[in-house]
Amino acid sequence: MSSHAGAVSQLVDRLSQLPGIGRKSAERLAFHLLRVREDEALALSDAIRRVRTDVRYCAACFNLSEKELCQICADPNRDAARLCVVEQPRDLLSLEASGAYKGLYHVLLGRIAPLDGVTPDQLTIDALVERVRTGKFSEIIMATNPTVEGDGTSLYLSNQLSEFPVEITRLARGITAGSVLEYANREIIADALTGRQKL
Amino acid sequence: MSTDTSRHHSTTAIVLRLVDFSETSLVVTLLTRDRGRISALAKGARRLKGPFEGSLDLLSVCRITLIAKSGDTLDLLTESKLRRRFRGGERSLGRTYAGYYIAETLRWWLDDSERHEAIFDLTLAALALIDGRGPVAETVLAFDCQCLRLLGHAPTTRSCCICGMKIEHGERETSHNVAFSVDGGGVVCAACRPRQASLVMLSHSAVQTLEELLQPLGETDDTSRQVALSEQDGVFPLSSLLPRVGETSYPALRGFVTRYMQSLMGRMLRMQPYLPTTIRSRS
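Chains A and B, in that order, give the protein sequences. Numbering follows our numbering, with no gaps: position 26 of the first sequence is 41. Numbering follows our numbering, with no gaps: position 119 of the second sequence is 270.
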């Protein structure tokens with residue numbers, strides 16, 4: 016049973032439902048919010064309210080956006096000939112953080128996982144096919160997670176897109192730069208050999 | 152802290168299911184040779200660095216270390232080293248879905264901590280064939296039939312499953328087809344046939360193939376071979392059954408085995424619609 020006042024207890028309960036936040040962390044956050052200036056604490060609640068009311072999916076790529084088109088789709092300096100397909104908006108953020116890619120994205124909002132009841136029609140695959148059909152892409156980069164389900168999703172997509180004159184590639188996989196072969200897993204070495212590049 | 156209620160344990164395991172527990176942690180369902188099907192919590196499993204090294208992927212074969220907990224507490228997976236990754240998804244959707252089907256089947260066939268070494272060896276062999284160059288449809292059918300045999304659910308083929316009357320070869324040959332009762336679990340004699348609602352008719356050649364698919368394939372007591380992952384056919388000689396499944400008998404046998412399993416499990420598996428409908432649908 017909680018020994019906190021009703022409002023504090025409610026806040027702790029709410030915070031502890033967030034991913035990665037346990038009861039102790041929730042209490043720390045709650046007491047922090049009670050300690051800081053009122054406007055600072057209320058700014059957090061405003062930010063939560065705004066993100067829930069203003070953020071939606073980009074009409075083109077299904078990234079998170081506050082406008083019809085997200086910043087990436089609306090940017091004329093992006094390479095419109097390349098399209099990178101990712102599972103979730105947070106995967107897009109990881110690729111953007113690398114700074115190595117200047118093309119466009121398409122977010123599937125999941126992966127095909129029939130064991131969990133997730134079928135292709137529940138993802139944004141139809142929109143992707145339509146986008147490729149009507150767009151002028153020369154390369155589609157499959158950046159789904161390197162798991163059995165991620166690979167299965169990429170394979171399904173490549174079958175769906177095979178009728179279009181686009182090059183379909185996927186992210187490289189293999190040995191981490193800076194590591195040594197001696198300690199690399201044999202499956203990782205097999206991946207690296209399969210995906211070897213010309214010098 | 153006392154370790155009276157927990158035990159460290161190392162074994163080889165096949166990953167059957169992954170469920171997100173938190174941002175980086177997973178609840179993993181594993182099939183092991185010596186502890187059967189188990190579920191364990193893998194803290195930080197999604198992190199690349201750490202004791203799991205990204206090894207916990209669906210249908211992967213891993214060498215795991217876990218702390219067995221008592222009571223209803225989940226076992227704790229402390230380490231996992233990848234032995235073999237299932238690569239079906241990189242090559243063929245048919246192979247991927249067949250792998251999913253095997254994982255789903257085992258989740259429903261087996262109870263927690265029910266040790267079944269032969270099922271483990273059979274699964275290794277089936278996954279090796281599916282992930283390699285083995286025929287998908289025949290492998291999955293042979294896997295199902297061997298599972299039925301090993302779990303004591305093999306349908307009767309020589310005596311009526313209702314009255315127990317022995318059905319001689321002569322009698323089987325005189326009728327056009329052989330009647331199998333899905334609910335009864337085997338062949339039905341002419342006298343019992345009118346009272347059965349869920350009958351499937353199989354040709355004589357299909358019944359002969361079914362009998363071959365259900366036959367024992369040898370013992371797997373040699374524990375020295377349990378981690379010989381590159382020689383799965385030596386562990387469980389599943390591939391010796393595959394040429395016996397003919398193109399003509401496959402659809403009827405697949406249909407019967409699917410309906411029979413559905414009746415035993417009391418449910419339709421999610422991956423059943425994805426099974427190959429013909430033996431030619433190899434991919």
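A couple of the hints might just be wrong.
Result set (DSSO-like, lysine-lysine): computed pairs, CA atoms no more than 27 angstroms apart in a straight line [unchecked claim]:
1. A:K117 x A:K213
2. B:K317 x A:K39
3. B:K220 x B:K200
4. A:K39 x A:K82
5. A:K39 x B:K232
To spell it out: a stretch of chain A is covered by chain B in this simulated footprint if at least three of its residues, at any positions, have a beta carbon under 8 angstroms from a beta carbon of chain B; those stretches are [said to hold, decoys possible]:
6. 152–159
7. 169–179
Simulated from the structure, these hints should not be mistaken for lab results. All values reported here derive from a predicted model rather than from experimental measurement. For every residue, glycine included, the Cβ atom is placed at its ideal position computed from N, Cα and C.
Structure-based check of all given hints:
no., hint, verdict
1, A:K117 x A:K213, "holds (23 angstroms)"
2, B:K317 x A:K39, "violated (69 angstroms)"
3, B:K220 x B:K200, "holds (25 angstroms)"
4, A:K39 x A:K82, "violated (37 angstroms)"
5, A:K39 x B:K232, "violated (33 angstroms)"
6, 152–159, "violated (count 0)"
7, 169–179, "holds (count 4)"
Consistency with the previously given hints fails for numbers 2, 4, 5 and 6, ordered from lowest to highest.
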